[in-house]
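Once you've looked at the hints, dock chain B against the given chain A.
Going down the list, the sequences are from chains A and B.
The first sequence: position 117 = 480 (the numbering used here), numbered continuously.
The second sequence: position 76 = 102 (the numbering used here), numbered continuously.
Everything labelled a hint here was simulated from the structure, so no lab data went into it.
Some hints could be false.
Dumping the calculated SDA-like pairs for lysine to any residue here, alpha-carbon to alpha-carbon at most 20 Å [said to hold, decoys possible]:
id : chain 1 : residue 1 : chain 2 : residue 2
1  : A       : Lys-428   : B       : Glu-52
2  : A       : Lys-428   : B       : Asp-91
3  : B       : Lys-45    : A       : Glu-429
4  : B       : Lys-50    : B       : Arg-81
5  : B       : Lys-50    : B       : Pro-101
6  : A       : Lys-428   : B       : Asp-48
Covered by chain B, according to a simulated footprint, are these stretches of chain A (three or more residues, beta-carbon under 8 Å) [claimed, not checked]:
id : stretch
7  : 365-372
8  : 446-455
9  : 460-472
C-beta: ideal position from N, C-alpha, C; glycine also.
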Amino acid sequence: MLELRRDLYDAIVAHARRDHPDEACGVIAGPAGSDRPERFIAMDNAERSPTFYRFDAMEQFRVWKEMDERDEEPVVIYHSHTATEAYPSRTDISLASEPGAHYVLVSTRDPDTVELRSFRIVDGEVTEEPVTVS
Amino acid sequence: MAIEVRIPTILRSYTDGEKAVDGKGETLTDLFDDLDTRHSGLRDRLIGADGALNRFVNVYLNDEDVRFLGGIATPLADGDVVTILPAVAGGSAYVETTAA
Numbered sequence: 364m365l366e367l368r369r370d371l372y373d374a375i376v377a378h379a380r381r382d383h384p385d386e387a388c389g390v391i392a393g394p395a396g397s398d399r400p401e402r403f404i405a406m407d408n409a410e411r412s413p414t415f416y417r418f419d420a421m422e423q424f425r426v427w428k429e430m431d432e433r434d435e436e437p438v439v440i441y442h443s444h445t446a447t448e449a450y451p452s453r454t455d456i457s458l459a460s461e462p463g464a465h466y467v468l469v470s471t472r473d474p475d476t477v478e479l480r481s482f483r484i485v486d487g488e489v490t491e492e493p494v495t496v497s
Numbered sequence: 027m028a029i030e031v032r033i034p035t036i037l038r039s040y041t042d043g044e045k046a047v048d049g050k051g052e053t054l055t056d057l058f059d060d061l062d063t064r065h066s067g068l069r070d071r072l073i074g075a076d077g078a079l080n081r082f083v084n085v086y087l088n089d090e091d092v093r094f095l096g097g098i099a100t101p102l103a104d105g106d107v108v109t110i111l112p113a114v115a116g117g118s119a120y121v122e123t124t125a126a
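In isolation and in its complexed conformation, chain A is listed as follows:
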């Protein structure tokens, strides 16, 4: 299960809407081992594409280094799909590289409906989990 603070949930959705029709992406860091997302970090989509995202390599280096120094880890890795459902694509699954993270997907295909779901992706296996917002 993913427990997400209301402001973090809103920040993900706002970022996804802002970058639509391109895919938006980012991280929520939290204390290592806590499973508690706390620090919202919107990342650049280096691909600037409506169908693909990739963290900018230098930005990722800086953010990962900073998390390391603060004894944090990427608790949530989020991105948007802008024309399809909020479910991991084959590409999302094959590239998932943080087995400890909650992979949050948000779809912006309908401007009036919020579609946000969370998954674990480990060794090519996708498991959806409930999201509670408080």
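Then chain B, alone, in the frame of chain A:
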């Protein structure tokens, strides 16, 4: 010549859980060959069949992306720090991939 290599979570199965290991080599290619002698299989996760760096693996020499240095042929010096990070990428489109 000792070079510190920082290993991401997903590849620590090759290093008995260690976050960092030491290696040696004149270039990144040499370093990965050296690491593979003690951490068998690690090299194949970093380098593709074409001999180039895996498209979805980022490798940094100190604070720079090796793609903007010499790629896999980037020369190394004693005391360098090499950081490996799998790219965080994906998306709704189908992309031919070999992940880290």
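Tested hints:
For the hint pairing A:Lys-428 with B:Glu-52, the CA-to-CA distance comes to about 25 Å; that exceeds 20 Å, so the pair is violated. For the hint pairing A:Lys-428 with B:Asp-91, the CA-to-CA distance comes to about 14 Å; that is within 20 Å, so the pair holds. For a cut-off of 20 Å, the pair hint linking B:Lys-45 to A:Glu-429 stands: about 16 Å separates their Cα positions. At most 20 Å may separate the alpha-carbon atoms for a hinted pair to count; B:Lys-50 and B:Arg-81 exceed this at roughly 23 Å.
For the given pair, B:Lys-50 sits about 11 Å from B:Pro-101 by alpha-carbon distance, which is consistent with the 20 Å threshold. Proximity of A:Lys-428 to B:Asp-48 is assessed by CA-CA distance (about 19 Å); at most 20 Å being required, the pair is judged to hold. Beta-carbon proximity to chain B at under 8 Å applies to 0 residues in the stretch 365-372 of chain A; the threshold of 3 is not reached and the given coverage is violated. Given a C-beta distance limit of less than 8 Å, the hint that chain B covers the stretch 446-455 of chain A holds, as 7 residues qualify and 3 suffice.
Here's how the stretch 460-472 of chain A fares: 4 of its residues keep a CB closer than 8 Å to some CB of chain B, so the rule of at least three is met and the hint holds.
Comparing the model with each numbered hint stated earlier shows that hints 1, 4, 7 do not hold.
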